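Mind assembling these two chains? They're in different frames, but the hints should get you there.
Quick mapping for you: the protein sequence lines, in order, are chains R and H. Going by my numbering, the first sequence opens with residue -3, and the numbers climb by one from there. Going by my numbering, the second sequence opens with residue 22, and the numbers climb by one from there.
Calculated from the structure, these hints are not laboratory results. Treat each hint with caution, since some may be false.
Pairs of lysine-lysine residues, derived as PhoX-like cross-links and limited to a Cα-Cα distance of at most 25 Å, are as follows [claimed, not checked]:
#1 R:Lys104 with H:Lys30
#2 R:Lys(-1) with H:Lys78
#3 R:Lys69 with H:Lys65
#4 R:Lys104 with H:Lys78
#5 R:Lys104 with R:Lys66
#6 H:Lys30 with H:Lys65
#7 R:Lys104 with H:Lys65
#8 H:Lys78 with H:Lys30
#9 R:Lys104 with R:Lys(-1)
#10 R:Lys(-1) with H:Lys65
#11 R:Lys(-1) with R:Lys66
#12 R:Lys69 with R:Lys104
In silico negatives: residues of chain H with every beta carbon more than 12 Å from chain R [said to hold, decoys possible]:
#13 Leu34
#14 Ile36
#15 Gln38
#16 Ser39
#17 Gln43
#18 Asn49
#19 Ala73
#20 Gly74
#21 Asn86
#22 Ser88
#23 Thr91
#24 Thr92
#25 Leu99
#26 Leu101
#27 Ser105
These figures come from a predicted structure and were not determined experimentally. Each residue gets a CB set at the ideal place from its N, CA and C atoms; glycine is no exception.
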Amino acid sequence: AQKITQTQPGMFVQEKEAVTLDCTYDTSDPSYGLFWYKQPSSGEMIFLIYQGSYDQQNATEGRYSLNFQKARKSANLVISASQLGDSAMYFCAMREGRKGYSTLTFGKGTMLLVSP
Amino acid sequence: NAGVTQTPKFRILKIGQSMTLQCTQDMNHNYMYWYRQDPGMGLKLIYYSVGAGITDKGEVPNGYNVSRSTTEDFPLRLELAAPSQTSVYFCASRGAGGRQLGETQYFGPGTRLLVL
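Excised from the complex, chain H in its bound form (with noise of 0.2 Å):
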């Protein structure tokens, strides 16, 4: 059982370019998330999503977007990449169960993002 999986797990971006972030998920989880983490900070919520077909933005959703055809993957994209995206991103995941489970949100490992 992988969990929550994101590839690449590092990459350096030029200004201006573009590229998607890549999460997965094998435990059926209808609720995904991603966030970022700044050097020294707590994670920020860019976007979410509570199933197929269906995304909302988070607290800083500026210069990223989502898209959700299935269950299983959430990429997010960066079209216009700037030195402020320079951070750590979060993939997680939750399921709909029983209490304790049903709130709980699993990471992934995290893919490092340097734009020069």
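One chain only, chain R, in its complex shape (with noise of 0.2 Å):
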């Protein structure tokens, strides 16, 4: 089974309005880290925001948040007021294991095209 699932190949959102990234994940592992990259055309990966497990409150960075619903195994990221610069390629991923040793697993990926 997959541990983290993307189940929109792409999403088409306007300037300004408001999208949402679904990811779901998959573990038996009571300490986990969610976290959500960005890959624009050029190819690097670019840190966008984290949710610990045991986190009480959902994670915010500037106009992204996470909307973390851990009895639904669900971590999606919200971008607010899109930009054209937010057109990209958005990997979900998890972090499990003992933390000297843990892994990130990632998902295929969304990519969010924003027309003007």
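Given below as structure tokens:
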């Protein structure tokens, strides 16, 4: 079974609108972390936001927020007020395991296109 | 502060040739990782290291070798290149600091490898 599932291969949004990118995860580890990375067409991986499994509040970083629903095992990324520069591939990832030896598992990604 | 650097940026190899992908970080991070990204896919972990002299296999280690003689460097060796190793290779590192900083992996710009 996939550990990270991103069901939206592509999403379209108009500039200044909000968009939600879906991510569900599967783990039996009580301690885990969830990440979102952005990969623009230039290819680099840019860290956006992090949510720990024990965090009580949803993480926010500027226009990015993570809608963390632990019981549903979902960690959706919300981008408010989309900008043209948000057009990119977005990857959800999960950290499992003992912290020192933990590794990241990535989803297949969602391509976001922002139109004027 | 250069972060994570990778060389070369792009390389074409013939089947059976060998090469080393270089990765260096200047953040004094203990943990370093090698991933590959195939077209249209997420990243898959090849090898990782929790400190100098300590390495371990990830999800897709076959056909690769690593070493970690210093904190800064984590080279990835391809001994007998095969077309299946055509991919983009990313190196990443993370520290052992506080909650989010200690969790987050920071990526290099990637190396595009084409095996013909």
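Hints, one by one, checked against the model:
With a CA separation close to 23 Å, the supplied pair Lys104 of chain R and Lys30 of chain H stays within the 25 Å bound. Taking the CA atoms of Lys(-1) of chain R and Lys78 of chain H, the gap is near 18 Å; set against the 25 Å cutoff, the hint holds. About 22 Å separates the Cα atoms of Lys69 of chain R and Lys65 of chain H, which keeps this hinted pair within 25 Å; it holds. Restraint check for Lys104 of chain R and Lys78 of chain H: satisfied, since their Cα atoms lie roughly 21 Å apart, inside the 25 Å limit.
Between Lys104 of chain R and Lys66 of chain R the alpha-carbon distance is near 21 Å, which keeps this suggested pair within the 25 Å criterion. Between Lys30 of chain H and Lys65 of chain H, the direct Cα distance comes to roughly 19 Å. Compliance with the 25 Å bound is thereby established for this hinted pair. Of the supplied pair hints, the one linking Lys104 of chain R and Lys65 of chain H holds, its CA atoms being roughly 10 Å apart against a limit of 25 Å. Note on Lys78 of chain H and Lys30 of chain H: the hinted pairing holds, with a Cα-Cα distance of about 24 Å set against a maximum of 25 Å.
With a CA separation close to 11 Å, the supplied pair Lys104 of chain R and Lys(-1) of chain R stays within the 25 Å bound. The hinted pair formed by Lys(-1) of chain R and Lys65 of chain H meets the criterion: a straight-line CA distance of about 12 Å does not exceed 25 Å. A threshold of 25 Å between alpha carbons decides the hint, and for Lys(-1) of chain R with Lys66 of chain R the separation of about 15 Å falls inside it, so the pair holds. For a cut-off of 25 Å, the pair hint linking Lys69 of chain R to Lys104 of chain R stands: about 17 Å separates their Cα positions.
With a cut of 12 Å on Cβ distances, Leu34 of chain H stays outside the contact zone with chain R, its closest approach being about 19 Å. Listed as outside the interface, Ile36 of chain H is consistent with that label: its C-beta sits roughly 25 Å from the nearest C-beta of chain R, beyond the 12 Å cut-off. For Gln38 of chain H, the shortest C-beta to C-beta distance to chain R comes to about 24 Å, beyond the 12 Å cut-off, and the non-interface label holds. With 12 Å as the threshold on Cβ separation, the claim that Ser39 of chain H sits away from chain R holds: the shortest Cβ distance comes to roughly 24 Å.
The claim that Gln43 of chain H is not at the interface with chain R holds, since no C-beta of that chain comes within 12 Å of its own (minimum 17 Å). Look at Asn49 of chain H: its CB is around 16 Å from the nearest CB on chain R, clear of 12 Å, so calling it non-interface holds up. Its beta-carbon lying about 14 Å from the closest one in chain R, Ala73 of chain H satisfies the requirement of being farther than 12 Å from that chain. With a least beta-carbon separation of about 15 Å from chain R, Gly74 of chain H lies farther than 12 Å from that chain, consistent with its non-interface assignment.
With 12 Å as the threshold on Cβ separation, the claim that Asn86 of chain H sits away from chain R holds: the shortest Cβ distance comes to roughly 18 Å. Residue placement check: Ser88 of chain H keeps its beta carbon more than 12 Å from all beta carbons of chain R (closest about 18 Å). Non-interface call for Thr91 of chain H relative to chain R: holds, since the shortest CB-CB distance, roughly 19 Å, exceeds 12 Å. Against chain R, the non-interface label of Thr92 of chain H holds: every CB pair exceeds 12 Å, the least being about 15 Å.
Against the 12 Å criterion, Leu99 of chain H stays outside the reach of chain R, whose nearest CB is about 20 Å from its own CB. For Leu101 of chain H, the requirement that its beta carbon stay farther than 12 Å from each beta carbon of chain R is met, with the minimum near 26 Å. At the 12 Å boundary, the C-beta of Ser105 of chain H stays outside the reach of chain R, the nearest C-beta of that chain being 19 Å off.
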